[in-house]
Amino acid sequence: MTDLRPVVLATRDVKREFTLGAETVRAVRGISLDVREGEWVSLIGPSGCGKSTMLNLLGAIDRPSSGAVEIRGRDTATLSDQEATALRLREVGFVFQRFYLMPQLSAFENVELPMAEARVPTAERRTRVLELLDYVGLKARAQHRPSELSGGEQQRVAIARALSNKPAFLLADEPTGELDAATGAEVIKLLHRLNADGTTLVIVTHDASLARAGRRIVSLRDGQVVKDEAT
Amino acid sequence: MIIAMAARSLTRHRARTLLALAGIAISSAMLLDMVMMSSGMRVSFKQLLEAQGFQLRLSPRGTLPFDGEATLGGAAELVAALERDPDISTVAPVLGGSVHSPKGEGAVTAFGLGLAPQSQGDYNLLRGRNPRTPNEVVFNRAYLAATGRAIGDTITLAAGYDPQLRTFAGAQPFTIVGEASFTYLAADQSAAALPLATMQAMRGTDGRDRLTLVMLKLRDGRNPDSVGVRIAREQPRVSALSTQSAVKQAEERLGYFRQMALVLGSISLVVGFLLVSTIVTVSVNERLGEIAVLRAIGVGASRIAWQVMLEGLALALAGATLGLGLGLVTAQWLNSILTGFPSLPEHISFFVFEARDAFGALGLLVLTGFMAGAIPAWRAARLPIARTLRTEAVA
Chain V
0 MTDLRPVVLA TRDVKREFTL GAETVRAVRG ISLDVREGEW VSLIGPSGCG
50 KSTMLNLLGA IDRPSSGAVE IRGRDTATLS DQEATALRLR EVGFVFQRFY
100 LMPQLSAFEN VELPMAEARV PTAERRTRVL ELLDYVGLKA RAQHRPSELS
150 GGEQQRVAIA RALSNKPAFL LADEPTGELD AATGAEVIKL LHRLNADGTT
200 LVIVTHDASL ARAGRRIVSL RDGQVVKDEA T
Chain D
0 MIIAMAARSL TRHRARTLLA LAGIAISSAM LLDMVMMSSG MRVSFKQLLE
50 AQGFQLRLSP RGTLPFDGEA TLGGAAELVA ALERDPDIST VAPVLGGSVH
100 SPKGEGAVTA FGLGLAPQSQ GDYNLLRGRN PRTPNEVVFN RAYLAATGRA
150 IGDTITLAAG YDPQLRTFAG AQPFTIVGEA SFTYLAADQS AAALPLATMQ
200 AMRGTDGRDR LTLVMLKLRD GRNPDSVGVR IAREQPRVSA LSTQSAVKQA
250 EERLGYFRQM ALVLGSISLV VGFLLVSTIV TVSVNERLGE IAVLRAIGVG
300 ASRIAWQVML EGLALALAGA TLGLGLGLVT AQWLNSILTG FPSLPEHISF
350 FVFEARDAFG ALGLLVLTGF MAGAIPAWRA ARLPIARTLR TEAVA
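So the sequence lines, in the order shown, correspond to chains V and D. Be aware that the first sequence starts at 0, since it is given in numbering that gives the first Met the number 0, and climbs by one per residue. Be aware that the second sequence starts at 0, since it is given in numbering that gives the first Met the number 0, and climbs by one per residue.
No wet-lab data here; the hints were simulated from the structure. Keep in mind it's a predicted model, so treat the numbers as computed, not measured. Treat the hints loosely; a few may be bogus.
As the list claims (entries may be wrong) - The list that follows gives simulated cross-link-like pairs (lysine to any residue, SDA-like), each with its CA atoms no further than 25 Å apart:
| no. | chain 1 | residue 1 | chain 2 | residue 2 |
| --- | --- | --- | --- | --- |
| 1 | V | K14 | D | A373 |
| 2 | V | K165 | D | G299 |
| 3 | D | K247 | D | E345 |
| 4 | V | K165 | D | R302 |
| 5 | V | K138 | D | R7 |
| 6 | V | K138 | D | I1 |
| 7 | V | K165 | D | A300 |
As the list claims (entries may be wrong) - Chain D side only, calculated, beta carbon under 10 Å to chain V, not exhaustive:
| no. | residue |
| --- | --- |
| 8 | I1 |
| 9 | T10 |
| 10 | R11 |
| 11 | L124 |
| 12 | L125 |
| 13 | G288 |
| 14 | A291 |
| 15 | L293 |
| 16 | P383 |
| 17 | I384 |
| 18 | A385 |
| 19 | R386 |
Don't be surprised by glycine CBs; every beta carbon is placed ideally from N, CA and C.
Using the sequences and the hints given, assemble the complete structure.
As structure tokens, this is what we get:
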């Protein structure tokens with residue numbers, strides 16, 4: 000059956016090479032991939048297979064050596080630094096393994112930050128911050144600093160931050176990697192809810208339970224897709 | 000939000016920020032003091048000369064006022080000619096010399112000024128009144144204390160004293176009618192002011208019809224230098240010195256003060272620059288991961304650069320504000336030490352606060368601090384996001 004949902008993220012024979020001294024490392028060796036609206040794609044594979052490099056390329060924080068990465072039809076290779084930054088701000092939501100919340104800001108301010116950068120009116124962004132914190136179950140802890148939150152809570156704030164500008168998709172790099180099993184399961188539950196509510200997810204993980212939670216698993220090895228299957 | 004983030008970045012390491020602030024404040028204080036000193040003597044000297052409103056000073060040809068023992072002869076004729084001059088509104092003739100008051104086996108000596116009490120510009124009366132008759136005199140506090148006298152007392156004053164023979168020349172009884180502060184004399188220097196004619200008479204042949212100095216006030220709109228040149232041409236025995244020329248001469252003599260102040264002030268600026276630059280660089284290096292994350296989630300490079308530069312600006316601004324207070328206090332303290340040197344006029348200052356110069360210098364320091372944040376800001380803005388995130392994750 001043909002999937003009629005629009006493609007939000009596409010790669011066309013993407014390659015990424017790094018020069019390390021005299022050696023050239025070919026981290027990604029020609030990957031073509033379409034991610035459609037509402038999909039949950041898990042990128043899995045052994046260490047060094049190119050997962051994180053692929054995630055950086057998908058999130059427009061790195062540029063391919065050849066090939067194309069298109070976010071809602073825009074080729075990231077053609078964008079200036081300023082345009083790529085604006086694209087990340089509005090179309091991409093990042094969730095990192097180590098949460099990377101701003102330690103000097105409260106949970107509220109961390110979620111508010113991308114909206115402030117996008118010049119969302121103050122009243123509107125305050126309402127949305129509270130909605131998002133409520134969504135991830137942390138409304139009561141809005142004024143707490145990251146150091147006053149548990150790992151699971153920090154990751155939920157990071158997810159709320161990633162969603163603040165209503166991005167086209169959410170990219171997560173090992174989102175449960177720093178959490179214990181029980182807390183990780185809570186985060187997986189939250190991601191489930193997000194996806195069920197229509198958020199497109201691309202998740203890099205070693206966590207088998209998280210990978211299986213996705214509806215599509217893309218296996219990488221040596222910078223290439225070796226398997227792309229629906230679960 | 001960018002301002003809040005900059006402020007909170009600074010308060011994350013309070014002790015470090017406070018130490019840096021202390022350093023910048025000291026640097027600012029030093030800069031302020033150097034600026035105050037570079038212009039202080041000049042401004043203070045100018046204020047001193049202008050205090051009584053006299054714009055021209057006439058002294059014996061080739062000398063500066065009170066620069067030696069030389070006097071001008073034909074005083075009455077000279078004063079009469081000057082009083083007739085249409086450019087001149089006030090003529091204040093002065094004859095200087097020592098006066099001695101017998102005390103015990105010896106004498107108490109003071110600097111005596113014979114002058115015209117109604118036009119004089121050498122002292123400000125603190126108590127009592129000006130001399131009205133030939134045998135009335137005004138003392139300063141130091142001479143009252145040295146002689147143990149008070150206003151209303153009678154005292155003998157002489158223009159000459161031979162300590163070997165213990166004889167006094169030209170001794171006369173005087174009534175002390177006032178206490179005054181002498182503008183051009185040191186506070187601890189004993190001084191007395193008496194009528195010019197009395198002083199001339201007391202000095203005998205040395206003082207008869209002679210003057211040490213004539214101070215002149217000009218009518219509105221007259222150029223002191225032009226009038227001075229004309230008077231010196233008409234009265235070949237005098238040198239005319241305008242306040243402006245005197246200040247210029249003083250400036251030339253005080254040039255090394257200004258050079259020293261310039262060098263030390265520049266060093267303060269460099270130290271301020273290095274302090275701000277170091278603290279902001281350390282702060283940025285500690286936050287590379289955070290900065291990379293901010294860039295990744297869509298915060299612009301220029302916004303990052305502004306935040307870092309704002310941190311430098313905030314440090315410099317706070318340091319300069321603290322430095323302003325510290326600089327004023329240290330300047331006052333240093334001034335009290337320097338003006339305590341003997342023979343300096345009571346009203347001279349080494350450090351003078353001039354708002355435009357002081358705020359200009361501190362503004363320059365703030366600008367320097369802002370610019371000091373530019374290099375770390377540029378680094379932060381150009382951070383390779385993916386590589387930094389990978390490095391930070393490994394770290």
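Right, here's what the structure says about each hint:
1. V/K14 with D/A373: The hint is violated at about 36 Å.
2. V/K165 with D/G299: holds, 18 Å
3. D/K247 with D/E345: Given pair D/K247, D/E345 holds - Cα atoms ~21 Å apart, limit 25 Å.
4. V/K165 with D/R302: holds, 21 Å
5. V/K138 with D/R7: holds, 23 Å
6. V/K138 with D/I1: holds, 24 Å
7. V/K165 with D/A300: holds, 22 Å
8. I1: Holds, because the Cβ-Cβ distance from D/I1 to chain V comes to roughly 8 Å (cut-off 10 Å).
9. T10: Given a least distance of 8 Å, the restraint on D/T10 holds.
10. R11: holds, 6 Å
11. L124: violated, 65 Å
12. L125: violated, 61 Å
13. G288: With a minimum Cβ separation of about 7 Å from chain V (threshold 10 Å), the hint on D/G288 holds.
14. A291: Cβ of D/A291 sits 8 Å from chain V, so the hint holds.
15. L293: Nearest chain V Cβ about 8 Å off; hint holds.
16. P383: holds, 9 Å
17. I384: This hint holds: D/I384 lies near chain V, its Cβ roughly 4 Å from the closest one there, short of 10 Å.
18. A385: Nearest chain V Cβ about 4 Å off; hint holds.
19. R386: holds, 9 Å
This entry does not satisfy hints 1, 11, 12, going by the numbered hints stated previously.
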